[in-house]
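> Here are the chains, one letter per residue:
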Amino acid sequence: MNEFASQVPSLMQSIREGIPYFLPEIVLIATFVCVIVTDLFFPGKKSVYTLGVGIAGIAVSLFFSVLQFQALSEPLRLFHGSLTIDRVAGIFKILFSGIVLVYALFIRGNTRLQDHVKGPGDLYLLLPGVLLGLNLMAMSSGLLMIYLSIEMISIVSYLMVGYVSDSPRQSEAAMKYALFGGVCSAIMLYGISLLYAFTGTLILSNPAFMNGLSEMPQAAVAIAVILVLVGIGFKLSFVPLHFWSPDVYEGAPLPVTAFLSTGPKLAGFAILLRFLDPYYAFQANGHATVFDFMPVLSLIGISSMIVGNFAAIWQDNVKRMLAYSSIGHTGLLMMAVVVHSANGVKALIFYLMMYAIMNMAAFIFAAKIEEGSGAINISDYKGLGRKFTLEMVCFVVILMSLTGLPPLAGFIGKVLIFTAAIEQYSSTSSVWLLLLLIVAAITTVVSLFYYFKIPLNAFLRSSEKMENMTPKRDFLTYIAVVLTMLLLVWGIMPGMLV
Amino acid sequence: MIPLSHFMLISGLLFCIGLYAVLSKRNAIMILIGIEFMLNAAILNLVAFGKYDKQVMGGQMFALFAIVLAAATVAVSLAIILNVYTYHKNIDPTTIDQLRD
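Chains A and D supply the protein sequences, listed in that same order.
Mapping the first sequence onto the working numbering, position 355 (from 1) lands on 355, and the numbers just tick up by one.
Mapping the second sequence onto the working numbering, position 58 (from 1) lands on 556, and the numbers just tick up by one.
Check each hint, because a few of them may be wrong.
Unchecked claim - Computed cross-link-like contacts, SDA-like style, restricted to lysine to any residue with a CA-CA straight-line distance of at most 25 Å: (1) A:K46 with A:L144; (2) A:K387 with D:K523; (3) A:K118 with D:K549; (4) D:K549 with A:V8; (5) D:K549 with A:A30; (6) A:K118 with D:K523; (7) A:K45 with A:I55; (8) D:K549 with A:N211; (9) A:K45 with A:A59; (10) D:K587 with D:F505; (11) A:K45 with A:L67.
Honestly, the hints are just simulated from the structure, not real lab data.
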């Protein structure tokens, strides 16, 4: 035991030093406890108090995150390197707080969740927990933190999908999600245990990590890395780990779907960047390649773009179509990850930001239209453009942005990603990048076909059965309209962000 | 003293048994048991290799966290499976397929 005694003071010191930087997360933990207590006293229909406490806590945490982001000059390593706070992590944290706030209001405005027998209180109390997981995911730079934060999000997401199980379809979606997620996380844990076995450390930035890997046979490293990528890929839902996503998106309540398609996916990209960092840094220092990510990530990107965009053409259910389209977007974003230059990361973050706004707003409008007219399929949207003019016009704007048409923010995002990839291609002339670029260009055209089915049905076709449909507009509609405006503003003046 | 390769061999075997159970069983609870096998294979690896990491004890710590998280995941999954049973009177994931293309 005595050999450790000398170490204890330095360990404690590093923990003490880390705590001030951990303030946004400490606030979230406190909020989590408060929300549980509030939910006990105000159950069922009185859950609005629970929501109030939750939103207040998240807002305070967002405030501290912003302060931290402004004060940040160079990357900070906390708690012996298991957490790293840098500019990228700071942006992701602010973005996650925004997503969770919109998600909270989305739950509040969704009649199906509000009318549920149990009330939405338990769903609100998951919010600080999931935000804590997302924040940790953005910052984690140790294998333990990566596993812990991914599991944290997964468990909360299973609960969210299964929460209002009022139909066989929804319980089915929850079961598929939980089983698929469980298998993926077990595979990832095995990969992590192999990485630990090869290197003897859990900290990615520790020099022993890369040195240990470079001494191992390449095949062994490849197996371990691919096993870890399986776990990250489950969160990102790229091909071939995408099977759960259309089913879960269709089965889950709309607010939950909107959250699943944004929050965990963005966090997955944050963690993927962090996981790839040491490998690229090691290569840049003139060492031999330990594991060549280029072909693996490019193949994933190409197949995701093809499967996502082509499968979306045949979908009639709006949620399923958006699910496949989000797989396609993941493929496009993988291209930015493959580029991995400073411009590539910048383009990735800009696009993720826009993607989060677009998806949130699209799902809010889909929910509003479903509430007003009962239409869940694209073929039921016939003639709805006349009754739901505001909703439909905004929806179409968002879809145009998802396609990447000017003058919307989605177009700027695509331009940034394409320029970063072309720059990288002209300096390395790698075949993989060329293939990615070609596939991305073709699938962008393909995506026009399925996105434009919605305005085609809504505005150009008519239907008789729309007498007793009235759009119900509330605060949620206006939030989504504001989000749509943001897309337009940032599409015309991208200089405000880039 | 048992050499490390024995631990790796056993953990590899456990992992494969778990994966086989996941892929072949037609009962959601059996699949959960398969997942548990895979998790324990990884935990065995972590603890065995923790021997070389005496100062930080990363592997041992990780094993503790992994055990707790595995329990949490199983608790949630069992609740979900119970829910599935009330609606479908059946927990065979291959026959429950209302959601599909």
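> All the hints need checking, so say for each whether the structure fits it.
Okay, the hints, checked on the actual structure:
1. A:K46 with A:L144: This hinted pair is violated, its Cα atoms lying about 39 Å apart.
2. A:K387 with D:K523: 50 Å, violated
3. A:K118 with D:K549: 49 Å, violated
4. D:K549 with A:V8: 19 Å, holds
5. D:K549 with A:A30: The hint is violated at about 36 Å.
6. A:K118 with D:K523: Given pair K118 of chain A, K523 of chain D is violated - Cα atoms ~34 Å apart, limit 25 Å.
7. A:K45 with A:I55: 17 Å, holds
8. D:K549 with A:N211: 19 Å, holds
9. A:K45 with A:A59: Distance ~23 Å between K45 of chain A and A59 of chain A Cα, so the pair holds.
10. D:K587 with D:F505: Violated. K587 of chain D to F505 of chain D sits at ~41 Å, over the 25 Å cutoff.
11. A:K45 with A:L67: Judged against 25 Å, a Cα distance of about 36 Å means the pair is violated.
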